Every structure is written in C-alpha cells, then in structure tokens.
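Chains as they are written, first to last, in the numbering used here: chain A, 1 to 781; chain B, 1 to 781.
Source of the hints: derived by calculation from the structure; they are not laboratory data. Please read all numbers here as calculations on a predicted model, not as lab measurements. Mixed in with the good hints there might be a few duds.
Identical copies carry no separate label here, and so any pair may be met within one copy or between two of them.
In silico DSSO-like links for lysine-lysine, alpha-carbon gap of 30 Å or less [unchecked claim]: (1) Lys432 with Lys418; (2) Lys468 with Lys58; (3) Lys58 with Lys548; (4) Lys338 with Lys570; (5) Lys641 with Lys678; (6) Lys468 with Lys746; (7) Lys415 with Lys779; (8) Lys465 with Lys575; (9) Lys579 with Lys454; (10) Lys501 with Lys83; (11) Lys295 with Lys432; (12) Lys415 with Lys283; (13) Lys107 with Lys548; (14) Lys681 with Lys738; (15) Lys411 with Lys779; (16) Lys295 with Lys107; (17) Lys492 with Lys570; (18) Lys410 with Lys761; (19) Lys636 with Lys432; (20) Lys501 with Lys410; (21) Lys575 with Lys512; (22) Lys738 with Lys32; (23) Lys620 with Lys501; (24) Lys121 with Lys157; (25) Lys468 with Lys121; (26) Lys45 with Lys492; (27) Lys58 with Lys501; (28) Lys620 with Lys570; (29) Lys434 with Lys58; (30) Lys338 with Lys377.
There are 2 protein chains.
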Amino acid sequence: MKQKQTNLLLILSLILLFISCNQQKEGSILVKNITEYNNAVLNAKPGDVITLANGVWKDVELVFEGMGTKENPITLTVEDKGKVTLEGASNLQIAGDYLVVEGLVFKNGFTPTNEVISFRKNENELANHSRLTECVIDNYSNPQRNEQDYWIAIYGKNNRIDHNHIAGKRNLGVTMIVGLDTEASRENHNQIDHNYFGPRPTFGNNGGETLRIGTSHHALENSNTLVESNYFDRCDGEHEIISNKSCQNTYKYNTFFECTGTLTIRHGNETMIDGNIFIGNGKPSTGGVRVINEKQTVINNYHIGLTGYRFRGAFVMMNGVPNSPPNRYVQVTDAVVKNNTFINCDHIVLCAGSDAERSAPPINSEMSDNIFYHESKSNLFSVYDDISGINFKNNITGLNIETGIPNGFKKADIKLVKNESGYLIPESDAIKTKVTISPNIATKENTGVGWYSKAETNMALNSGKTIKVNPGLNTLFDVVQNSKAGDIIELKAGEPYYLTKTININHPLSFKIEGNENAVVLFEKMAAFEIQNGGSLSLEGITFDGAKAPDYAGNSVIRTSKNSMNNNYKLFINKCNFKNLIVNHSFDVVKVSQNTFADTLSIQNSTFNNITGHIVALDKETDDIGAYNAEYVIMKNNVFKDVQGAALRLYRGGTDESTFGPFLEIDHNVFDNVGHGKRNKYNAAISLYGVQVNDITNNIFNNSKAMSMYLVVGEPIVNIFNNNLYNSDEIEILGDQKYTVENIWKLNPNFTEGTYLLSEKSPLIKKGTDGLDLGIISKKQ
Amino acid sequence: MKQKQTNLLLILSLILLFISCNQQKEGSILVKNITEYNNAVLNAKPGDVITLANGVWKDVELVFEGMGTKENPITLTVEDKGKVTLEGASNLQIAGDYLVVEGLVFKNGFTPTNEVISFRKNENELANHSRLTECVIDNYSNPQRNEQDYWIAIYGKNNRIDHNHIAGKRNLGVTMIVGLDTEASRENHNQIDHNYFGPRPTFGNNGGETLRIGTSHHALENSNTLVESNYFDRCDGEHEIISNKSCQNTYKYNTFFECTGTLTIRHGNETMIDGNIFIGNGKPSTGGVRVINEKQTVINNYHIGLTGYRFRGAFVMMNGVPNSPPNRYVQVTDAVVKNNTFINCDHIVLCAGSDAERSAPPINSEMSDNIFYHESKSNLFSVYDDISGINFKNNITGLNIETGIPNGFKKADIKLVKNESGYLIPESDAIKTKVTISPNIATKENTGVGWYSKAETNMALNSGKTIKVNPGLNTLFDVVQNSKAGDIIELKAGEPYYLTKTININHPLSFKIEGNENAVVLFEKMAAFEIQNGGSLSLEGITFDGAKAPDYAGNSVIRTSKNSMNNNYKLFINKCNFKNLIVNHSFDVVKVSQNTFADTLSIQNSTFNNITGHIVALDKETDDIGAYNAEYVIMKNNVFKDVQGAALRLYRGGTDESTFGPFLEIDHNVFDNVGHGKRNKYNAAISLYGVQVNDITNNIFNNSKAMSMYLVVGEPIVNIFNNNLYNSDEIEILGDQKYTVENIWKLNPNFTEGTYLLSEKSPLIKKGTDGLDLGIISKKQ
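Whole structure, please, built from the sequences with the hints as guidance.
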C-alpha cells in the first residue's frame, strides 16, 4: 500500500512537473483567463514572459506588476499579434521595474476607470524602466462623449512608449498624458516614439488634445520627455494637438498630417521643437507651433499648406499676462525660432491674443533664417502688439510676400523642387543651407504596428449602392433596414411615402429623388428620421408634410438620438420642402440633443412654409464650458416663410478658447415672416451666441424678426454684408468683440409675384457681394 | 412508371390533407410564426380561431383583419393564457367586423408605431363589432420617456374592450384613447368595461392621461362610449386620469384607487358620471370629478379620503371662457350634481380657474342631495366666483362643516358605518336614502385577468438585506455588483472608500454607516454615483471629498444617467457631508439630465463646504412645455457654506396646467456665503421658476445671494415664513401670481462659535414657525 502511494505521488509529481514545464518553458507562461493571468503575475520572475492566449478577453482589468531587471525584464505579450483583443470594460495598469507590454489590442469597449493603460497602480506604485510597444487602442471610446478618460497615462521614469497604434478617441479627455503630479514622475526621461496617433474627430469642446505633458499645476517642473518620430494623422480634437505643460521636453521628427490645431507650448520652459513637419493640404484650421513661456527653441521645422489663423496659425507667438498666474499665459522671453520653412501657409501670428489681460509682448527673442513662401498670398503676417522684442534676422521670403516688418526679411526668387521623398523643397540662391527633411521623420509606414491596418473603416455618404424604393406604407422604413453604410435610397414622385415608424439612421445614408420633382413624405411619429450614433443623413428632393404628425410638443422632421452620440454626424438637406408643421405649437424641422455634435449641418435650395417651431435650434449645450452642437452650419439659397420660431439658434457658451467653431454661413436666403411666434424665446429670426465665424451675406429679411448676435471669446470673424431688412427688426449685436456690418438696406424687395425672385422693379437688383441678386438665386443670372 | 407517379401523388395528397386537418381542426389554426399567422389571417373565415403558439413572439407586427359574423366571429387567441408574450418591437392592428382578440400579453419592449393595439389598420379600415378581451400590456414603455405612443387606440363602432390588464405606462402619451377623427368612429357605442388600469407613475408633463375619449377638435361629436366597472389603480400620470373630450359618454361603477388627478369632463357635453367611487386614502393630489361644459350629470358617486386641491379637488366645477374657443373652457351650464357622497375629502372647488380669461361662472346648474362629512376639517369649500347660477338643495353636511354658502345645506349628526364590503357609509336621520355602493362596482378582483398578477414587482429602498463592506479600493463598487434591489450597504468609519470607477445604481440601493460616525468616500471619476433607469439611491452618514476628482467641467458627486430614464427615481441624502468640490470651476453635488424625473429628492441634516458648482440644478427641461425634473424637493436642516453656485435651481417652464409639481420644502437651513460665484448664472442662492408649492421657512441666509422666484401658472402656493437674511440679497419674486411673505428679519444670527447654532446672544432665538430656532435644529431644543 505504501509503495503504491509513493508511486502515485511520483506519477503526480511528474505530471505536475510536465505541466509546469510545458507552461513555463523557458519562463514563458501562456494564460487563458484572468485567474491564470493574476497567478502568473504574482509569481513572475525576471525574464518571465506572460502570454495572453488568443481570443477575446472581455471585461478584464489587468494589473501587470513585478520587478524585472535590465537584462531580464518581465514581459506581457500575446500568443499571436492581432489575435488577442481586450474588449468591454477592460484596462491595464503597469507598476514595477523593467516591464515590457507588447501586442495588446483594446477595442469594442471602454475603460470603466480614468485610464485604459496607466503606468501606475496607484499614486505610490509606478512603472519605471518599462516599455509599452506595439499595442493598439482603437476607438475604445466611452459612448458618453462628455465622460472623461485618458487612453494612456504615463507616470514614472525612463519608460518607453513606442510603435503603438492609437486611433479614434471620440470622448472627452486627452488621448495620452505624461503625469507629473509626484516627484517620482518628474525629470522622467520618458521616450514616446514611433507611435501612430490616428484620426481624432473634432470634439467641439475643451478636452480633445492628443498628447499633454504635465499640467498647469506642475508647469515649472522638468519633465525631460522626448517625443520623437510620431505620426499624428488628422488629430482634430481641439486647438491643442499637443499641449506642452512642463519644462525641458523635446519634440523631434514628428509628422503632423492634416491636424487642426497646433503643437502648443502652453506652459513650461526650455522646450525644443526640432525637425518636425506639419502638412495641412489646405484643410481649414491646420496649424504649426504656438509659442508661449520662456526659452523655447523652434528650429528646422517644415510647414506646408497650413490654413489656420489666430491661435492655430502656421506659427504663433503669443502675448503674455504680466505676472501671469500658472493657468494663464507666461510672457514669451528668449525664444529662438530659426531655420523653419513655411510653404503656402496662410498665417504667421505674432503677439497673438493681445488684449487688456494679455498685454506683455515677446521679449529678447529671435526669428532668424526662416523661409516663407506662398504661391498666392502676400500678407502672411498678423502682428497684434509691439514686436520690438523679437530680433528678426536673415529670414527669406518669396518675392510676393509683404511682411510689414521693417528688418530681418529678404525677398528671393524661390522655386519649389520635389525631393526624393516627395516633399517640396524651396530652393534659391538666397538659401544658403539646403532645406532637408530628416530620414528619421515619422511616416505612416514607420509608425504604429505593421499587423494592424491604418486604413479608414468609415463609409462616406453616397459611397454605396443605389436602392430604388416605391411609395407606400413604411416602404422607406423597410428599405433602410436592409441598407448598408453609404447607400443611396432613390425615391420617386407621385403617391406619398407614409411612415408610421421613425426611420433610425445608424449609418451614412442618402435619400434622393429620381428626376427633378419632389417625393412626398408623411409621418405619424414625433419624427420622420432619427440620426443615431454612427449615422449621417443626406436628403435631396423630398417634400415633408407635417399633417399626420401627432399633437404633442416636441415634434420634428429630423432629430438626433436623445442619447449621447460619440460619433460626429453630418446632415445635408438640399432641394427639400418642409410644410404644415403646425399640428402642435412647437414643431421643429431639425431637433438636436445634448451630447451630439454635427460636423456639418447644411440646408440649401430648400423651402420652409408654415412652421410653428424652429428650423433648427443648436442650443443644447447649456453648461457654458465652451461646448456646442455643430461645427459648420450652412444655410444657403432657402426660403423661410411663416416660421413662428427662429430659423436658427446657434449657441456656444463660456469663455474657453480650445475650440474652433461654430462656423456659420448664411447666404442668399429669404426670411419672410419669421420669428414672430410668442413661444419663440429667442425673439429673433436668427439668434447667435459665441459663434466664431459669422458670414451673413446677401439675405432678404421681410416682415421678420431680424438677427441677434452675442459676440464673445476668440476674436470671432463677423462679416455681415449686403443684407436687406424690409419691415424687419434691426440687427442686434452685443458682447465684447469687434465686428463689421456693411450694406444694410431697408428697401421693399418687390418680389416677382408667386416667387421670391426680385422683380424688374426691385431697387435691389444686382447688389449681392457676388454680383447676384439678394435673396434666392435665379437660375437666369 | 405512371402508376408509381399516381401513387406518389395520392400519398402526398393524403399527407397534405392530414396536415391541413391537423392544423385546421374545427377551424382552429395553431400558428408558430408570423408567416403562418399572416397566412391564417389571409384565409380566415367566420368561426375560425387563430391560435398563437406558446412562447415569445419577438418583433411581430400583427395585423388581424377579416370579416366575421355575429354568430361566427373570427378569433385570435393564444395556446395557453400567460404563455404567449409579444415582445420587442411588436404591436397589433385590428380591422374588420366581428373579430375577437383574447389573451395576448405585450411586455419587454415597446411599439415602433404610435399604438400598441389599434382598432384600425389605417384611416379607412376600422374594426367594428369587435372585442379585445383578457389582453395584457405591462410596462411596454418606450425607453425614451418623452417619445409618444398610445397603448390602446379604439376606433370604429360597437366594440368591446373588457377584462384587460394595462399597467405601468412610463412614457409620453395617453394609455387608452377613443378616437373620433372620422365619422365612422362617432356615436360608436363602444364599451370599455372590467379593465384593470394598473399604476401609472407621475409623468411630470402633459400627456400622462390614462383614458381619453375624443379630442378638442371633435369635442361636440357624440361618442356614446360606455366606461363601466373599470379599476384605476394609482393612475398618477397627470391631472386628468380620464380626459373626456366628446359628448354623451357614460362613466359608471368605476373605482379610482389612490389616483392623483380627476375624472375630467374637459370638453363635450351630456356626460353621465354615475355610481363611481374615488378612494384617496389621504394621498396627496387625489381628486374626484371636474366639471366643465354643458349638461353634465354627476350622480351617486362616492368619494373618500381625497386630498387634492384646486383642479384636482374631490369635486371641481370650473369657470368658463365666454365664447370659448374649442381648446379652452366652455362655461358650465345645466349641470346636475346629485346624491354624491364626500367623506374626509379636503376640497370642493367651485368656479375653479376663475381669472380674466375664465370669467364665466356656472349657470342653470344644481347641486342637490349631496353629503359632505369630514372628521377634522370644516372649510371644505373654495368658491372663486359668483355661484348664484348653482341651485344648492338638500345637501347635508357634518356638524362641523361651514360651507360659507347661504342656502341648500343642512347640518346633521353623521356617523360612519362600515357596510358588508368594508366601505364607510354615512348614516344619519337626515339621510333619507341610504348611501349604497353598486354591486357592479369595479374591484381589483373583478377586473383584468385572473391569470396575470396585479402584485407589485418593484422593490422599495431598504427592503432587502444588509451587506457590510470594508474600506479600500473599489470595495464599494464591487459590493454593488453583487447587490439586489432594496439592499442596504453598510459602511464603516476609518480608512476611506476609494473609487476609480463610477458606481452605477440600477436598482434601489441604500448606503449607510455603522454607528454614528461618517465614512469617507474619495472618487477619481466625474461622478461617484450614477443613478440609472430603475435605480434609486439613499445615502446616510457618508462624507464625500472631491479632492481626487478629475479636472474637467461637469463633475458631480451624484448624477443621473445621461440617457432617458422612464422610471422615476428617488434620491435621499441624510447626515452626509460634501466638501472640497473645487478641482474644477463647475463641480456640482447632484447633476441631473434631461428626460429624467425624480419622485423625491431629499437632502436633510447634511453639510456642504467649499463647492464650486451648484448643490442641485433641476433645470434640464428647457422646452417650456410644462415638463420639469423633480416632483418633491426637500431641503431640511442643512448647512451650505462657501457654495459658488446655487443651492437649488428648480425650473418648470411653460403654461401647461396638467401637472402637479414641483413641490418644494426648504426648512431650517443655513446658507452661508452661497451663490456668489461669477459662473452662477442664476445669480441667487435659490432660484425657482414655475414651482407649484413653495414652503420656505425658518432659514438663515448669511452673506449670501438670496432667493429669486418666478411665479407662473397654476395658482402656486407660496409660504415664505420666518426667514433671516443677514448681509444677503433681498428676496426677488416676479411673475403673475399671488404670494405670501411673512417675517423677514435681517439680524446678525450670532452663531455660537464653531457651529451654526444660534448663540445665547442671538436676537433670533425661538422664532421659527415651529417655535424652534431658525437655521439648523439644535438637539437640545
């Protein structure tokens, strides 16, 4: 019996040994669930490799802690790269020394905490000498767009974050931060290199930065972080692509591709910005470097096709606040801006933000050996205060450029020559040192990981197939159920399309008409269309009749989801008619909700008749923190007739300066009897607050409330040109900002009977800014 | 070969015959999916019975159409009652003659159209001579509380709707309507009987009626609908439990059990209201019948324990508008109010709503042989205009009652005697005809269906087990994951409870402390607690410290879901402390979202120190249609110190009169340095708009913004008594309604050092309405 037991024990031991050998072959442990993982971490020794088994790891909160050594780090990796995903409510904390994390993919979920990946377990247990490499965080966004988190929070020292793919953050909060809140994270010599920062859409609020190093609270601490050879691909969140908020950081060889905003030295001193490139391709609001604070060095950077103005110019040097508190603007001193190249960049801004508070211009600084070339624009420089504190030396400009700055610029005949990598290099006899792009420069190819695609996955409007649909009961609803992103639904004129259900639009869809007539849509629900998260909508050639809508307050033809949408949406309305929205006292055309954001909301060539509510009220972000509901709003060549509410309310409250918009264009419309309803709380046909660009031209207001406008923050652009207000209220402009109003007429438009075209007798003929009649555009012109 | 084929055909035919016999035995067709169902309906003949097979029918939109005969109707039924449920996006349309629908259960979903069950397919194809019986619609509510639908829409003629169970509607829209929009639905002789209308929670907006017959557009059409022996159980949606909006309808033998609101004859004439009972049990806002329009008869009704006042009195006769438009108030003429009994009902209101517009008092009417008994209250009658048009005859009151009406009332010594059914019957020599309750009266037992429970399924706060939880990292979060509705989580003092995740409260949960100390909670997310749909929260004895919250606008300690909550929630805060909510400029204590509604929000015996935002802003319903965010708001015995925002903003916009609240009680608080923050857009310590009951008593405002109040609609009750405003702003009361302010002092409260108790030297000692000190209540008193 004894012998038997011994034998059994021996066999068991051998089995255990075998299992353990199998699992821990050369210190490599394959783990298949969180319990095995935790066990492996608990027992990890220097040199161990913990490997997550292939598959989906759902709702796992990994803590990776241990003490590796320089020679024998502890590694957390995956069985096959790309075949392990962390989904749902998952995240990772790293704490200890010499730890390597490799190959993790976070997608289809969001972290329940404030960080997806954190280089600490708590304030006292940090990661040092550790590396995060070849990891992916792809659209791992909280569905609540105003719920804050960071995707990568870097603490500790001597860490390297490299070759990661980080794309599609759609909720509040900086994508990657370097935290300096304790001594143990300062003078950190962390290195952030060869990461691919993929697209981050316009956030429409503060908190959309891609990288931030430090905070205003610790801005005077040295961070000593190196940010090198990273690719920033359309990081459009907000003004600050990178927000530098500490001292002695270095930014080298990074590429900023079509990013709106700037690399901003928001706080902290002694920053080195060297050899980066900024490619705008003419996209609005693309910028370069913005300099604030002391002893900043900006050298050897290459900028092309940047259009941004004001705080997102191709180069911006700001005014400071005398004795600035930490969260305001420290005066620029001892800046060196040298050997930078600007090709077809529209705006160089000096003393930006100059106002009563920001009254201290740059001092003891130099701008030298820079090259400015623009093929079409001559006035690139905007100077808002005294620039005598900047020593301009040996700068070269194209022949057409007028800087307005007396010394330090020399004109030269510059030619652009493509180099072997395809960059346009300015050449001229005057340019002594050839402009070069470093071979270390980040490209889409040499950043991120090879095994995870950087291709676009979103389908655009009108990119799919065309589906014909016949009139009838819910035929439109049914066809949408079987549609795919980008499809075009083609309607026909004649019998109405009747809806007893709201059509939910959860991917981009277009609706258009066969031929040149209009299809008619009647609907019984509180809305015909609801744009949901991921959806965009284009409507063309459709007449919406509100006659069958229910008698409840809150009706609209089109609305957004009442839940948060973390995807921005687009809404295009063209050649549509909206009529009889009268069953109830507050029947809007478009109704949006809080926590939704339109990239573009465009209404063109359409008519609106007999509406009790608003055409569109973009007024749901009422917290006054700089948030708003739409970036670009366009109203062009429309007739608004008998509208009791406002044609437009567009609201951006607060004094935050991190956002670009809203941008508004109202051109060639007729407003006839608009805004007089007693429930129109805006008491105007058009009511604007905090809008950043206001182009309002060539419109006719007839028997209408006119426009009220409150200008605040951000030096908004206000062009109110060539409008006619007949029997209508005066334009009211309040606030603390400058504006231009030219050519307000008060003439009877004398419309041709039955149309809104100006008649032969109209005194207004050919008076638009574009030479066309005011109001709607006649095809004859 | 030929022979073989023939044989094969023969066999096939036999098989088909067998199958068809099997399925259609005696005209009964068991169908297992929507295709079989549609096929059966298509081929249905008089006498056929189509039976839905047991199981869940998901996303089925049933159209039940056909032509039965009186003797041989076509029936839609279920295999086993209670075992067939229609879920998801399901609904039913009935069209044709002599159709019977029986046993369907709708739950776990909501209709994508405007009706769950409709007695028509479209405007032209209606149901007549048809019956809906023993069907259930249970909480089949759209998750968007402001998305409209009807649960049962009755059209056509001679239909019977009986013994259905209809409970838990939580979204916008009347539960059951009779539509009269076409001739084919008028003089309909439809009968609605023995239905169980289960609880409908307070909706906080117009559109929460339980039954509506007609609309203002067709109010003068005869409907001839009989509503008999139905049980209305806590139908609290809004003012109008039933909204009668057509002529010649009869309401008999219905029971209204603890329903807030009234059976309202809103439009239409010649209504008969006979033999109904209204049981209030002292619940607030319970009412009886409200009479408007011409030739109404209200007889033999029994009322007990109704507390409602103004429009929801136990009996209300309104003033009319001279030459009233259809949607306003037609003058009462020829009303007969006879043989009704009122026991312990607090308010009888005559000429209700009298104002400049509603200036026509009742004429040619009588109130006779009614009995009024109240064991404690003597002044039951409120008379707002000339009652000479009402002939009062032979009414009997208890000895204590003073009607103030000169003729037509006789006092009698009334005793209450329980009858065999348990109803308290008034008896007296003066009562010639014994008060009786009809044996046809609706009870919970004789209405609805026997096979579907009427029991409550919601767990109340504090009804579950107690779970102890130790301090530590996310221990609180983890314990909640394993909690059940009604549980009590017991914390302990000492080390802090630290949260890196927001605790989602999706069922009723209480958090309290062992002993008399406070537990400390620190949190890293934008909120410590989020109340989600279905959740309620009670907090007792917890100190919340905001020191670890993130630096983003929008922080709060407690918030509601940002998505619609169609369940009302409760929030109780007792003996808690909130401090250091200062990391950001707008850090609130409680933050609510649009489309959420609190039944009760109570803050008592708590302290608030150093807060940058608001304590609570109930200000998210900005559409000005009568919607608001909370019914009862209570702030009692709290100290608010150094609060930059408002202690309270409570907003109810618009002029709709269908709602009861908000009800507000602010008693015995100290406001010390409250409301002075430059971002406090309400510019007040307390900012109220449209609040219906305002009890503001015994408070001390010290160095604070005071209170601003806008009174509008509904004759709000305003009791502002015994408040002290030292070095604080004046109370500002605007609007068009009456109010009472008494005893405003401006004395230095002279607090005892280190407390907010009045010192011996305070000139304010013992001056509260309750005889206690103003401000917080000393235990010594």
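We went through each hint and held it up to the structure:
1. Lys432 with Lys418: For Lys432 and Lys418, only the intra-copy Cα distance (18 Å) is at most 30 Å; the inter-copy one is 111 Å.
2. Lys468 with Lys58: between (41 Å within a copy, 29 Å between copies)
3. Lys58 with Lys548: Cα proximity of Lys58 and Lys548: across copies only (28 Å, versus 46 Å in one copy).
4. Lys338 with Lys570: neither (41 Å within a copy, 63 Å between copies)
5. Lys641 with Lys678: within (16 Å within a copy, 41 Å between copies)
6. Lys468 with Lys746: Neither, since 47 Å and 75 Å both go past 30 Å.
7. Lys415 with Lys779: neither (43 Å within a copy, 88 Å between copies)
8. Lys465 with Lys575: within (22 Å within a copy, 63 Å between copies)
9. Lys579 with Lys454: neither (45 Å within a copy, 46 Å between copies)
10. Lys501 with Lys83: between (41 Å within a copy, 28 Å between copies)
11. Lys295 with Lys432: within (26 Å within a copy, 102 Å between copies)
12. Lys415 with Lys283: within (23 Å within a copy, 87 Å between copies)
13. Lys107 with Lys548: Classified as between: cross-chain Cα gap 28 Å, same-chain 43 Å, threshold 30 Å.
14. Lys681 with Lys738: Intra 26 Å, inter 25 Å, cutoff 30 Å: intra and inter.
15. Lys411 with Lys779: neither (46 Å within a copy, 85 Å between copies)
16. Lys295 with Lys107: neither (41 Å within a copy, 68 Å between copies)
17. Lys492 with Lys570: This pair counts as within: shortest intra-copy Cα distance 24 Å, inter-copy 52 Å.
18. Lys410 with Lys761: Answer is neither: 56 Å inside a copy and 82 Å across each miss the 30 Å cutoff.
19. Lys636 with Lys432: neither (50 Å within a copy, 79 Å between copies)
20. Lys501 with Lys410: neither (68 Å within a copy, 59 Å between copies)
21. Lys575 with Lys512: Cα proximity of Lys575 and Lys512: one copy only (10 Å, versus 61 Å across).
22. Lys738 with Lys32: For Lys738 and Lys32, neither the intra-copy (64 Å) nor the inter-copy (71 Å) Cα distance is at most 30 Å.
23. Lys620 with Lys501: both (25 Å within a copy, 27 Å between copies)
24. Lys121 with Lys157: within (15 Å within a copy, 71 Å between copies)
25. Lys468 with Lys121: Cα proximity of Lys468 and Lys121: across copies only (26 Å, versus 57 Å in one copy).
26. Lys45 with Lys492: neither (71 Å within a copy, 38 Å between copies)
27. Lys58 with Lys501: Classified as between: cross-chain Cα gap 17 Å, same-chain 35 Å, threshold 30 Å.
28. Lys620 with Lys570: For Lys620 and Lys570, both the intra-copy (17 Å) and inter-copy (26 Å) Cα distances are at most 30 Å.
29. Lys434 with Lys58: This pair counts as neither: shortest intra-copy Cα distance 54 Å, inter-copy 71 Å.
30. Lys338 with Lys377: within (22 Å within a copy, 90 Å between copies)
In this structure, the hints that do not hold are numbers 4, 6, 7, 9, 15, 16, 18, 19, 20, 22, 26 and 29, in rising order.
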